[in-house]
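Sequence lines, in order, name chains B and E.
Numbering of the first sequence is given in the numbering used here, commencing with residue 49 and proceeding in unit increments.
Numbering of the second sequence is given in the numbering used here, commencing with residue 49 and proceeding in unit increments.
To be clear, the hints were calculated from the coordinates, so they are not data collected in a lab.
Please note that a few of the clues may not be correct.
Given that identical chains are not distinguished, each listed pair holds provided it fits within a single copy or across any two copies.
Claimed, not checked - Listed next, the in silico DSS-like pairs over lysine-lysine satisfying Cα-Cα at most 30 Å (straight line): (1) K362 to K197; (2) K297 to K214; (3) K297 to K197; (4) K372 to K362; (5) K362 to K170; (6) K197 to K170; (7) K364 to K170; (8) K372 to K297.
2 protein chains.
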Amino acid sequence: MFACALALAASAGSLALAAGQVADPLPSWNEGPRKAAILAFVRATTDPAGPDFVPPSDRIATFDQDGTLWVEKPVYTEVAFAASRVHDLAGGNPGLHVEEPFRTAIAGDEAAMGRMSYEQLKQIVLMAMTGLPVDQFRAEVARWIATSKNPVLNRPRTALAYAPMKEVLAYFRANGFRTYIVTGGGQDFVRTYSEQVYGIPPEQVVGTADAVNFGYDASGSPVLTLEPSLLLEDIFGGKPEGIHLVIGKRPQAAFGNSTGDRQMLEYARAGTGARLAMLVLHDDAVREFAYGPALGLPASEVGTFTQGLYDEAKAKGWHVISMKDDWRRVFAFEPPAR
Amino acid sequence: MFACALALAASAGSLALAAGQVADPLPSWNEGPRKAAILAFVRATTDPAGPDFVPPSDRIATFDQDGTLWVEKPVYTEVAFAASRVHDLAGGNPGLHVEEPFRTAIAGDEAAMGRMSYEQLKQIVLMAMTGLPVDQFRAEVARWIATSKNPVLNRPRTALAYAPMKEVLAYFRANGFRTYIVTGGGQDFVRTYSEQVYGIPPEQVVGTADAVNFGYDASGSPVLTLEPSLLLEDIFGGKPEGIHLVIGKRPQAAFGNSTGDRQMLEYARAGTGARLAMLVLHDDAVREFAYGPALGLPASEVGTFTQGLYDEAKAKGWHVISMKDDWRRVFAFEPPAR
Chain B
49 MFACALALAA
59 SAGSLALAAG
69 QVADPLPSWN
79 EGPRKAAILA
89 FVRATTDPAG
99 PDFVPPSDRI
109 ATFDQDGTLW
119 VEKPVYTEVA
129 FAASRVHDLA
139 GGNPGLHVEE
149 PFRTAIAGDE
159 AAMGRMSYEQ
169 LKQIVLMAMT
179 GLPVDQFRAE
189 VARWIATSKN
199 PVLNRPRTAL
209 AYAPMKEVLA
219 YFRANGFRTY
229 IVTGGGQDFV
239 RTYSEQVYGI
249 PPEQVVGTAD
259 AVNFGYDASG
269 SPVLTLEPSL
279 LLEDIFGGKP
289 EGIHLVIGKR
299 PQAAFGNSTG
309 DRQMLEYARA
319 GTGARLAMLV
329 LHDDAVREFA
339 YGPALGLPAS
349 EVGTFTQGLY
359 DEAKAKGWHV
369 ISMKDDWRRV
379 FAFEPPAR
Chain E
49 MFACALALAA
59 SAGSLALAAG
69 QVADPLPSWN
79 EGPRKAAILA
89 FVRATTDPAG
99 PDFVPPSDRI
109 ATFDQDGTLW
119 VEKPVYTEVA
129 FAASRVHDLA
139 GGNPGLHVEE
149 PFRTAIAGDE
159 AAMGRMSYEQ
169 LKQIVLMAMT
179 GLPVDQFRAE
189 VARWIATSKN
199 PVLNRPRTAL
209 AYAPMKEVLA
219 YFRANGFRTY
229 IVTGGGQDFV
239 RTYSEQVYGI
249 PPEQVVGTAD
259 AVNFGYDASG
269 SPVLTLEPSL
279 LLEDIFGGKP
289 EGIHLVIGKR
299 PQAAFGNSTG
309 DRQMLEYARA
319 GTGARLAMLV
329 LHDDAVREFA
339 YGPALGLPAS
349 EVGTFTQGLY
359 DEAKAKGWHV
369 ISMKDDWRRV
379 FAFEPPAR
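Please model the complete structure; the sequences and the hints are all you need to start from.
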């Protein structure tokens, strides 16, 4: 039995129970203040005898996606998909080859796209979505993401979710939390793979919502079609508004990595009781990408973590996760232990 | 043991198990095609060996609220609340006493409000909500609804949920379905009491969403404040769009009572496998209110069920629930069995 447990432990990382020991739910995290904060938060909110107990139905944790749960370099995965689709559409629309930002998109130059403005990225994404029935859009995304690779890391994009964050998701869920993605990216895009990659179902994905239109197809069957507008983005101005709309409850824990997550962390932290606000800092040039510009890291259009955000985090007791120091491994395909 | 089971049955309705019998999960329903259809649908979608099995994570049922789950006469409960609040606000704003629709709202004339246009009702509701922090709005709703009575039925409004529909909600949930409210009414209003009245938590309420604004209160704490606009209503044009936004999955079952539910029922029915679409027809002048105007019932501004909707239901195999014939009792405060 003991030998069997050892064998299980060897094959499955350190999650197998050996006689008398409590399993480490976060084996990809180095011991330190961040790991300790996560464990303490979950213990406090799930201890029925403690002052910070949260009833299971109220346990909500929200996670930004790009740069928090998975890689966002050289450019957002959603933009890479959209560019690939624009490339396909350009076969029948030669004018696209001339006009920016479509010319760069068609060329598949992700590094260049990673330096584009939000408005330009939005144009690429909308061009790719407009007029598609939702079901067809999801099928296209699923087909593309099944084989698409990150051109710098040369790995399948779905393998580039951060192992430490997947452990956090699983740990929270094992303790009765509902885990939500709250992304500035496209809700329908993320919903396509969120269950497979993160264990998060479509109804727990909050994102920028493309307007849809209810109509009928040629056979008279009802169909929802994507519109050329992100009207919901204007009102959906920030993440708290989206959280309010879709969830209607204030999360106790929120995770992000950029200035776009500031309001969400403020909102989650402002409630009573035990609260957890964490930001991922990309300071690991060796295993992932280093960018900020906080702490002198390279500037970035994508996932901008400013010095101001860093200072606010320190002032308000938000935890800043150092990928370099806090993560024993970044990706699941790395060996589990050093 | 047998005597004990009988005693339990007598005290708890017919849900207690007697030796060898299967409990009736819908005791407030008369035997007939509608009750049979509900039972058959749930059996088909939950039978792992059957062709119409739906994995639990995909089991979604959506319910309109007003006129489907609870009373909507003489006027929508939300409007009655808003009118009560406008009445309170009018103390400090005498001009409201002169202008319609506020004059009628302040007078508390629900019968007159029940004949108003949608635009007039919207004005009353927005006047009541504007500028309130969401938490304060919910507290006001909770306070009001704890004591407010329907002026015609002279019962607490929260007691006027339909017992047969509450049994349907419980039965669906007991069989792994997630039950959602999808209402043309206000999402924040309904969220205040949906768990208490229907067992439906805030994150499972889809409704017309008042725009909210993220800001800071006087002490610098983050706060969401209600705006004087239903911007989300325009894009949220119909119920399928709202379902897509909040749930991201097509329901297998949908329940409504008026023309506003048509698209939702079409959308739910258009999927493959076992599907259930049901409309509640208010044909019971004795125990509730009779209105249509389908089948020669009195015309109604509120919860309009046209002859056209009835004909579409018959043509498409949607079930029309006759309150008069299908419901053994309408409200929980009536005796359980005739």
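Structure-based check of all given hints:
{"no.": "1", "hint": "K362 to K197", "in the structure": "neither (36 Å within a copy, 51 Å between copies)"}
{"no.": "2", "hint": "K297 to K214", "in the structure": "both (23 Å within a copy, 24 Å between copies)"}
{"no.": "3", "hint": "K297 to K197", "in the structure": "between (36 Å within a copy, 28 Å between copies)"}
{"no.": "4", "hint": "K372 to K362", "in the structure": "within (18 Å within a copy, 65 Å between copies)"}
{"no.": "5", "hint": "K362 to K170", "in the structure": "neither (32 Å within a copy, 45 Å between copies)"}
{"no.": "6", "hint": "K197 to K170", "in the structure": "within (22 Å within a copy, 50 Å between copies)"}
{"no.": "7", "hint": "K364 to K170", "in the structure": "neither (33 Å within a copy, 41 Å between copies)"}
{"no.": "8", "hint": "K372 to K297", "in the structure": "neither (33 Å within a copy, 39 Å between copies)"}
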